[in-house]
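Protein chains: 4
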Amino acid sequence: MSNEHKNSLGQVSLVAKVNPEKESSYRKLLDAAIKASEMSYCPYSDFPVGAALLTAEGKVFTGCNVENASFGGTICAERTAIIKAVSEGYKSFKAIAIHCKKLSGKWPCGMCRQFICEFGLNIDVVILNTDGALEWRSLEELLPGHFGPESLQT
Amino acid sequence: MSNEHKNSLGQVSLVAKVNPEKESSYRKLLDAAIKASEMSYCPYSDFPVGAALLTAEGKVFTGCNVENASFGGTICAERTAIIKAVSEGYKSFKAIAIHCKKLSGKWPCGMCRQFICEFGLNIDVVILNTDGALEWRSLEELLPGHFGPESLQT
Amino acid sequence: MSNEHKNSLGQVSLVAKVNPEKESSYRKLLDAAIKASEMSYCPYSDFPVGAALLTAEGKVFTGCNVENASFGGTICAERTAIIKAVSEGYKSFKAIAIHCKKLSGKWPCGMCRQFICEFGLNIDVVILNTDGALEWRSLEELLPGHFGPESLQT
Amino acid sequence: MSNEHKNSLGQVSLVAKVNPEKESSYRKLLDAAIKASEMSYCPYSDFPVGAALLTAEGKVFTGCNVENASFGGTICAERTAIIKAVSEGYKSFKAIAIHCKKLSGKWPCGMCRQFICEFGLNIDVVILNTDGALEWRSLEELLPGHFGPESLQT
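Residue numbers (the working numbering), protein chains in the order written: chain A, 13 to 166; chain B, 13 to 166; chain C, 13 to 166; chain D, 13 to 166.
Isolated chain A (complex conformation):
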């Protein structure tokens, strides 16, 4: 079941999903992301972010942003959660929830979308929108025409 409604993705009209089962599971995932944001190392931005990744097997890996004095060395919370999972042998993901302590309604940066798409497009990205409601989009919606692993095969 799905219906079109006001969304936080600007001019591109996307279809939000109504799905009570996902809603309940994603709410728990977001709670894990909120908790993970407490570990954030962000002395330069003072902008703590947490992420929680749900694997196909039902396991949850959490991450936070880790900044660097040379800003380009910074790694976001989403990428932290994913490489933790991969380094423990998990590569199949269902959803990733993200929480910015200071700002709601923010979708991942392009670098993290790129990093996630290496492991699939059918992964839901979950956030709290500015109304405090849970909202999610598939990575495919967030990175249309993605450049992924298959793109390098000639």
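Rather than coming from a laboratory, the hints here were simulated on the basis of the structure.
None of these values were measured; they are calculated from a predicted model.
Don't take each hint at face value.
Said to hold, decoys possible - Okay, derived cross-link-like pairs now, SDA-like style, lysine to any residue, Cα gap no bigger than 20 Å in a straight line:
#1 Lys47(B) / Asn141(B)
#2 Lys40(C) / Glu100(A)
#3 Lys114(A) / Ser163(B)
#4 Lys103(B) / Ala145(D)
Using the hints, position chains B, C and D against chain A.
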């Protein structure tokens, strides 16, 4: 004037623009991207890419991918073109064309979309699709719900 | 106790440490790095790397390299181990061991040295040299005149 | 001609070079770096940096840091100068000068050392030290035991 048609962005239905003036300008921009790809330093991927960036003032900056033995150090053609422009005092952009010698129909990676969006969403990204035709999308279409400069303002 | 000897750092003459206690502890750390390299996701380089990080509290965090179709998105094993530790609340480190399955005697790339230095200079980097012997250097030796957190304070 | 003296690289004792010809050439290069820092796009750090790269052919390419709302997307001045040169067909470098408007005496971050080493170790890195004097080191001194292009050859 615009009409809906078959596109290379998968399931997300986008509207392609028909615009003879842009078509002519973007064709030249793509030619510059093709030429720029010859400078590519890509000993690890053997995947030369070129980019050409059109500023609001009508100036063109070109770039190529520059790889690194530590793969994470690699900088794509799109980012090369943009930082060249910024380092010469240009920060307002109209369009960026991209050319992969080995593959047509590829849109920029998420990292480059992120880098471009720092300087605006109303920038057209131009490629050759798999049919050999010119195709373009605004960055806003390629990075819906982007995380940009205004996102850090609380 | 220390003595000057042949080393793998080229023309810069450094002093290697002889320290049986560290030797035993670092050997175990290297074994953990070897095991961690099995989790490596490296379809583009086919160059699996593992890392194992020893915290001040004696806890070990492991990591592997995780590559991306857009090479610049790649995250090395060393950074993976560190952000895992930080995201679990550990920020004080004693040593990090690194293992490349295909090559011995390789010290970390500059990006990882930069990432490690955010958390201290008195961290030993441990590798197997080309003779199959354990060898280590402090980060301070590997990144002389580093650009760290204190560098941004005016 | 060379002599040992007080330097800004901490505990690692390095030998500074006295070389009037280089001194004069590097002073001009530093002036170009100072001028390049005016183009810096650094709304997040407010820390403008400029770089000037001298090619083997005697050509100078300048760069500045270009930051991103997602900090990890930031590209430093040194890398900007190098990819500009590569994208114009230059890959052989003699020296790179760096200038931080707010801080003197800072050597490049590890990411930039990594990026430079792809194109050689015998490249001088030039800065103004805290005494206002010109100081330089070869990249080999700044990245001992580097991980470079040859490191990937098994």
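Against the structure, the hints:
1. A hinted pair counts as satisfied when its Cα atoms are at most 20 Å apart, and Lys47(B) with Asn141(B) qualifies at roughly 18 Å.
2. The suggested pairing of Lys40(C) with Glu100(A) holds, with an alpha-carbon distance near 19 Å, which does not exceed 20 Å.
3. Proximity of Lys114(A) to Ser163(B) is assessed by CA-CA distance (about 10 Å); at most 20 Å being required, the pair is judged to hold.
4. A threshold of 20 Å between alpha carbons decides the hint, and for Lys103(B) with Ala145(D) the separation of about 34 Å lies outside it, so the pair is violated.
The structure does not agree with numbered hint 4 stated previously, though it agrees with all others.
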